[in-house]
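Colleague: Sequence:
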Amino acid sequence: MIQVLVSVGSNIEREHHITEGIAALKELDPNCRCSRIFEAVPVGFDGPNFYNLVVELHTDLSLEGIMAALREIESRWGRERNAVKFRDRTLDIDLLTYGDLSQPSGPVLPRKDVYKFAFTLWPLAELCPDQVIPGDSQTYQQAWDTFSDEQPLWPVTDFSL
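Residue numbers (the numbering used here): 1 to 161.
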């Protein structure tokens with residue numbers, strides 16, 4: 001079984017879509033683990049705040065298979081495949097890592113979001129603090145400890161899975 005880390009986000013009917021997205025991920029791995037849920041302002045556009053978290057699951061699906069499964073879950077909840085990049089989302093599920101695979105293209109792994117966004121890195125550091133980032137020498141916690149971008153982000157205390 002291969003460890004897969006995915007980010008999950010929504011800013012449209014957030015509680016509903018996050019709950020449904022996690023339920024769908026549990027169909028892939030009933031024992032998946034979730035970080036806390038964080039609230040973040042949108043990056044790159046104006047809109048309602050997002051709820052974000054990271055989910056760890058284990059699968060025997062190929063890289064192509066897990067990517068297709070994640071796209072199907074997004075589509076089930078109204079995600080348009082050809083939608084513009086920076087816009088409101090019912091459900092956004094991004095593959096962050098696939099085992100220890102590190103590759104520069106097709107898809108880029110680990111996903112650049114790991115280093116770029118607080119709403120991805122903080123939940124990763126919480127869920128897998130001592131795990132080394134594929135293709136890197138630092139752990140998620142070490143990367144979070146040195147993260148310097150000041151993106152507004154805070155834990156959600158009134159909604160949990």
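Don't take each hint at face value.
Distance windows between CB atoms, simulated [claimed, not checked]:
# : residue 1 : residue 2 : range
1 : THR157    : SER75     : 18 to 26 Å
2 : SER105    : ALA68     : 12 to 20 Å
3 : ASP145    : ASP60     : 19 to 27 Å
4 : GLY47     : LEU101    : 28 to 36 Å
5 : SER102    : GLN151    : 20 to 28 Å
These are calculated hints, taken from the structure and not from any lab test. A virtual CB, placed ideally from N, CA and C, is assigned to each residue, including glycine.
Colleague: Now tell me, hint by hint, if it's right for this structure.
Modeller: Evaluation of the provided hints:
Between THR157 and SER75 the beta carbons are some 31 Å apart, a value that contradicts the proposed interval 18 to 26 Å. Between SER105 and ALA68, the C-beta spacing of about 18 Å keeps the proposed range 12 to 20 Å intact. Between ASP145 and ASP60 the beta carbons are some 34 Å apart, a value that contradicts the proposed interval 19 to 27 Å. For GLY47 paired with LEU101, a C-beta distance near 32 Å keeps the hint of 28 to 36 Å intact.
For SER102 and GLN151, the hinted distance range of 20 to 28 Å is satisfied, since their beta carbons lie about 25 Å from each other.
Figure legend: structure checked against the earlier numbered hints; hints not met, in rising order: 1, 3.
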